[in-house]
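Quick note, the sequences are listed as chains A and B, same order. Per this note's numbering, the first sequence starts with residue 1, numbered consecutively. Per this note's numbering, the second sequence starts with residue 291, numbered consecutively.
Honestly, the hints are just simulated from the structure, not real lab data. Backbone N, C-alpha and C define an ideal beta-carbon position, used for all residues, glycine too. One should not assume that every hint holds.
To be verified - Pairs of lysine-lysine residues, derived as DSBU-like cross-links and limited to a Cα-Cα distance of at most 35 Å, are as follows:
id, chain 1, residue 1, chain 2, residue 2
1, A, Lys254, B, Lys408
2, A, Lys55, B, Lys295
3, B, Lys295, B, Lys309
4, A, Lys55, B, Lys448
5, B, Lys448, A, Lys254
6, B, Lys330, A, Lys254
7, A, Lys208, B, Lys406
8, B, Lys406, A, Lys112
9, B, Lys330, A, Lys112
10, B, Lys330, A, Lys55
Stated by the list, open to error - Per the computed footprint, the stretches of chain B lying under chain A, defined by three or more beta-carbons under 8 Å from a beta-carbon of chain A, are:
id, stretch
11, 317 to 324
12, 339 to 345
13, 370 to 380
14, 390 to 401
15, 420 to 426
16, 430 to 443
17, 453 to 464
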Amino acid sequence: MIDLTTGVFTVRKLDVAQLTQAVAEMVQKVNYELDPNVLGSLRQASAIEESPYGKDVLEQLLQNAEIAKTEQVPICQDTGFTVIFLELGQEVYLTGGDANEALQEGVRLGYKSGYLRPSIVADPLRRVNTNDNTPAVIHWQLVPGNNVRITVMAKGGGSENASAVKMLKPADGAAGVMDFVVETVSQAGGNACPPMLIGVGIGGTMEKAAALAKKALMRPLGQPHPDDYYSSMERKLLERLNRLGIGPAGLGGKITVLAVQIETFPTHIAGLPVAVNLNCHAARHLTRVL
Amino acid sequence: MTEIKLSVPLTTADVLRLKVGDRLLLSGVVYTARDAAHKKLAQLLLQGEKLPIQLAGQIIYYAGPAPARPGRVIGPIGPTTSGRMDVYTPMLLEQGLKACIGKGARSMEVREALCKYKAVYLGATGGAAALLAQTVQQAEVVAYPELGPEAIYRLTVKDFPVIVINDAFGNDLYEIGREMYSCQTALK
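Construct all of the structure, not just a fragment, from the sequences and the given hints.
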């Protein structure tokens, strides 16, 4: 920025190599170490679960997390589609090359040196594996300030497949939104590796709702929506979803969902878009500020 | 709940002893195959050609492992969603396949084929990949190395834990379990 009184040009220079390094480190850590909030939630779930099969599954997942952390191996063989959300301060000047390519290089390095599974095919129909898990899906957002806030998510395919977007009518209202969330989770059954986390995006346009649902999954587990109207909807949905009886691994039980997290955005007078993004227990996301 | 130790290959008599909800510890050979390998196997069968692996009495595990760290047999290896393989499963059962391992519900066609060909569908815990990898004693790629994680691996496992989801008599643990714990008001 140019300070008008002094005439001094003040931007913060940041070499894109720092993005590469951050991504390479984050994709590994996020795959090896289960979020402590999820660990706590799984322990609580195991204490509540009445189904003997369900309880066993929850204990296996806790044991699995322990092994993964100790051995520094991924929690799940599906080490995810890398999704990167970047908030770029408008006073930051990125130097040293193509920033997008630097992020992809971070994925490439991190997956290779971290023994993570390459799970991406170069073309959706011709399906040849890229062998380095690139490309990541990157969402840039310009924000005030001189920081770069980088969030990396490793999103599993099974739960992504069970996700859905629907364009509801304004008349469908809150009841319509809740029914759609319940239907989506009900239909997923055991496919998306319950116990799950449910991200819900309400409003915006079709693609905005989908991005909101993903963002909702990145909120710290258990942190309710700041607006009471929506935090109450989150609680009601959690209760309804756990009455579906799907249970851990779909084997029947009290615990199907660990949390429901909603994000919203203004929308058009004609519309009510809703997106439901499912996530298995492995809520793999990390944020770092550069 | 019974826990049964079972060694592969499986016979029809082995399969007919298994009931929905049984916990099994499998030992012996298990082949991995997921979407891309299934597509190739199905193409060979449709063309009347020989498969790269013999399926009689064998088990297919729907899984694609993470790479092994140096000195390790294999990386984490949990089940992938079985429903994507539904379209291919009956023709593999016809070849004598006795069990498949995965996660999530099967189609009615697969459930009927399990009864017809006397085979079972077994569930492994999705997301317990690091834990399950500890039961793998040997691993080698036996077909389609070009598919990377989707290649067919021949795994030798010891006490690999699974649950019978669909037995050869038409029962389904997902339906039974869900009915037991669901409350009818949830969908309303």
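Against the structure, the hints come out as follows:
For a cut-off of 35 Å, the pair hint linking A:Lys254 to B:Lys408 stands: about 33 Å separates their Cα positions. For the hint pairing A:Lys55 with B:Lys295, the CA-to-CA distance comes to about 21 Å; that is within 35 Å, so the pair holds. Between B:Lys295 and B:Lys309 the CA atoms are separated by roughly 14 Å; this keeps the pair inside 35 Å, and the hint holds. With a C-alpha separation of about 23 Å, the suggested pair A:Lys55 and B:Lys448 falls inside the 35 Å cut-off, and the hint holds.
Distance restraint check for B:Lys448 and A:Lys254: the Cα-Cα separation of roughly 31 Å lies within the 35 Å cut-off, and the hinted pair is therefore satisfied. Between B:Lys330 and A:Lys254 the alpha-carbon distance is near 40 Å, which puts this suggested pair outside the 35 Å criterion. Our distance criterion of 35 Å between C-alpha atoms is broken by A:Lys208 and B:Lys406, whose separation comes to about 48 Å. Annotation: proposed proximity of B:Lys406 to A:Lys112 is violated, straight-line Cα distance about 44 Å (limit 35 Å).
Taking the CA atoms of B:Lys330 and A:Lys112, the gap is about 27 Å. The hint holds against a cut of 35 Å. Among the hinted pairs, B:Lys330 with A:Lys55 is inconsistent with the structure: their alpha-carbon atoms are about 38 Å apart, more than 35 Å. Coverage of the stretch 317 to 324 of chain B by chain A is violated. Counting CB-CB distances below 8 Å, 0 residues qualify, and the rule asks for three or more. With 0 residues having a beta carbon nearer than 8 Å to a beta carbon of chain A, the stretch 339 to 345 of chain B misses the requirement of three or more and the stated coverage is violated.
Counting residues of the stretch 370 to 380 of chain B whose beta carbon lies closer than 8 Å to any beta carbon of chain A gives 3, which reaches the threshold of three, so the coverage claim holds. Check on the stretch 390 to 401 of chain B: 3 of its residues sit with their Cβ under 8 Å from a Cβ of chain A, so the three-residue criterion for coverage holds. For the stretch 420 to 426 of chain B, the proposed coverage by chain A is satisfied: 4 residues have a C-beta within less than 8 Å of a C-beta in that chain, meeting the threshold of three. Only residues whose beta carbon comes within less than 8 Å of a beta carbon in chain A count, and the stretch 430 to 443 of chain B has 4; three or more means the coverage holds.
Under a criterion of three residues with beta carbons nearer than 8 Å to beta carbons of chain A, the stated coverage of the stretch 453 to 464 of chain B is upheld, 3 such residues being counted.
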